[in-house]
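K.L.:
Chain order of the listed sequences is A and B.
Sequential numbering from 1 applies to the first sequence in this note's numbering.
Sequential numbering from 160 applies to the second sequence in this note's numbering.
Treat each hint with caution, since some may be false.
Unchecked claim - Here chain A is said to cover these stretches of chain B; the calculated rule only asks that three of the stretch's residues, wherever they fall, bring their Cβ under 8 Å from a Cβ of chain A:
| id | segment |
| --- | --- |
| 1 | 319 to 328 |
| 2 | 360 to 366 |
What the hints assert, rightly or not - To list a few chain B residues with every Cβ distance to chain A over 10 Å, as calculated:
| id | residue |
| --- | --- |
| 3 | Ala222 |
| 4 | Arg228 |
| 5 | Thr232 |
| 6 | Leu242 |
| 7 | Ser273 |
| 8 | Gln369 |
| 9 | Gly376 |
| 10 | Val383 |
| 11 | Gly390 |
| 12 | Arg427 |
| 13 | Gln430 |
| 14 | Asn434 |
| 15 | Gln452 |
| 16 | Gly497 |
| 17 | Ser503 |
| 18 | Gln512 |
It should be emphasised that the hints constitute simulated quantities derived from the structure, not laboratory data.
Because the structure is a prediction, the values reported are computed rather than measured.
Quick reminder that beta carbons are idealized off the backbone N, C-alpha and C, glycines included.
These are the residues of each chain, in order.
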Amino acid sequence: MATAWRAQDLSLPWLMQTLASSPEAEQSQRQGLRLRDPLELVVRSLQLLGSDHPDAIAISLRGLRAMGQAPFEPPSVKGWPVNEEWLNLRWLQARRRTLQQLLADEEVWDTRQLPSTLAANLTDLPPLALALPAAADRDSVAALFADPVWQLGLSPALR
Amino acid sequence: MSELHLSRRTLLTGVAAAAATGGLGALAQAFASGRGTSSSSHVLVLLELRGGNDGLNTLAPVADPVYRRARPTLALGNDAIALADGLALHPALAPLAPLWRRGRLGFALGVGWSSPKRSHFKAADQWAVGDASGEGAGWLARAYGARAQSGPLVALDASGCAATEGGTPLALQLGPAQLRGRSLQAPSPLVVEASPVLRQMIALESAGSQELERLRGVLAPPPVGLDLPAGNLGRQVALALRLIGSGQCPPVLALAQGGYDTHNNQGRRHQRVLNQLALALAGLDAGLQAMKQRPALTLLAVSEFGRRLQENGSGGTDHGSASVALLMGDRIPGPFFGTYPSLSNLDDRGDLQPTQSPEQLYRRVLALGA
Chain A
1 MATAWRAQDL SLPWLMQTLA SSPEAEQSQR QGLRLRDPLE LVVRSLQLLG SDHPDAIAIS
61 LRGLRAMGQA PFEPPSVKGW PVNEEWLNLR WLQARRRTLQ QLLADEEVWD TRQLPSTLAA
121 NLTDLPPLAL ALPAAADRDS VAALFADPVW QLGLSPALR
Chain B
160 MSELHLSRRT LLTGVAAAAA TGGLGALAQA FASGRGTSSS SHVLVLLELR GGNDGLNTLA
220 PVADPVYRRA RPTLALGNDA IALADGLALH PALAPLAPLW RRGRLGFALG VGWSSPKRSH
280 FKAADQWAVG DASGEGAGWL ARAYGARAQS GPLVALDASG CAATEGGTPL ALQLGPAQLR
340 GRSLQAPSPL VVEASPVLRQ MIALESAGSQ ELERLRGVLA PPPVGLDLPA GNLGRQVALA
400 LRLIGSGQCP PVLALAQGGY DTHNNQGRRH QRVLNQLALA LAGLDAGLQA MKQRPALTLL
460 AVSEFGRRLQ ENGSGGTDHG SASVALLMGD RIPGPFFGTY PSLSNLDDRG DLQPTQSPEQ
520 LYRRVLALGA
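The whole structure should be built from the sequences, with the hints applied where relevant.
P.N.:
Here's what the structure looks like:
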């Protein structure tokens, strides 16, 4: 890389781009994926659905409590759990159930403003059980919401 | 192993919380010590009627003049199916009349909380937990968690079932998406290895995926010659029959039907959902009768609340209080549990006063499977 950089007249943009696309950098990004907070997960799911129906808010607030993150009620002064501290079966099931309920609610579905396709850049890793891009129908959104990858995001430091 | 440690700790917390709520904790012990711990000897089917089913027009006190005065346009007419004690079934439930005559159908009367929440979501939480606080593990999760070999609790509706979750038994979902076989079993190992948190998530959920895979593998063929209604509930009943006929049916199946929130045009809308319900249950019963060998079955259909006695100005009824729950199956001890709430002795909001709590109803239903 050093030789190539010299051949580029020590161009900094070239160096940045090359570093960012190196296998090591990609590996580092994957290592840096973390489990999103319930709030973050619910917000991005609501953003994708695009519904502002009151049911969507009610299901979300109720779901957040079951996922362990009732808004404005952190468990201690230390704050909320982070990343793998959210990992337990009970909370994971609550995440899954809440997203499914959002999608199953007919009022929320009738007021959706989904894009026509689910773009490949919706997730930071390719989903495990769904190939993106895909048509944004109810089945593919269900598959996306059920996919563990939907719950992962890059650490802010790596964005 | 930190994820396993966390998981166990959380589960233990859940169990402790369940014990602290009393009632069902004691029930779980009684239930666990009963006979029949094999997962195939008895199947409990929970059917949630979502939206707040109008118990007053499902099983109507047609002989009570107060009922007719309060519901000038909605009161059931002469086509209601008279059962006993001045109570009559909505005519849309006619497909259930043969089950009633054969003693395979019963009703729990006046079920509800003494100060019910008007919110669908809060009320649904209370019913899911079996406690007025609405917080803690689901009532089925707690009751079956006390059994030695309980097997998974399986929800067949796409939105899952909170009553089966939050406890020690594996709570699974076998909806259309899972049936189509898009499995999480085959992610690229490279991808999974590359992300530690993804690896942990998959490890945590793999027990569930393996069990789902097993259930999919043993499903009996789809029932033929049954008159199941088209739509979501009919699909769930067909799948339930395939599980029951598999010889390895999980001890709990959870189904759901929506459409009961009849604030307006109740006459037409209630007729439609009740008819779907009746056709689905009659189909379930016919499917059971056609099986040579099968576990005993009890189905409990509940709703988060009933509706107000007085009809509203939009040809509908608003969120109320006590309602009826429906029981169907092989071990129905009698036609009615409990007493019908008085229409003349309403609470301070003008709603029916419950005569039994959901927790009491759950105890009785669990005893049928013990």
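K.L.:
Confirm or reject each hint.
P.N.:
These are the hints, each one checked on the structure:
1. 319 to 328: holds (count 4)
2. 360 to 366: holds (count 4)
3. Ala222: holds (37 Å)
4. Arg228: holds (33 Å)
5. Thr232: Its Cβ never comes within 10 Å of chain A, the nearest being 26 Å, so this holds.
6. Leu242: holds (33 Å)
7. Ser273: Answer for serine 273(B): holds, closest chain A Cβ roughly 22 Å.
8. Gln369: holds (14 Å)
9. Gly376: At about 18 Å from chain A, glycine 376(B) clears the 10 Å cut-off, so the statement holds.
10. Val383: At about 26 Å from chain A, valine 383(B) clears the 10 Å cut-off, so the statement holds.
11. Gly390: holds (13 Å)
12. Arg427: Holds, since 17 Å exceeds 10 Å.
13. Gln430: holds (19 Å)
14. Asn434: Given a closest Cβ separation of 19 Å, the condition holds.
15. Gln452: holds (33 Å)
16. Gly497: holds (29 Å)
17. Ser503: holds (35 Å)
18. Gln512: holds (27 Å)
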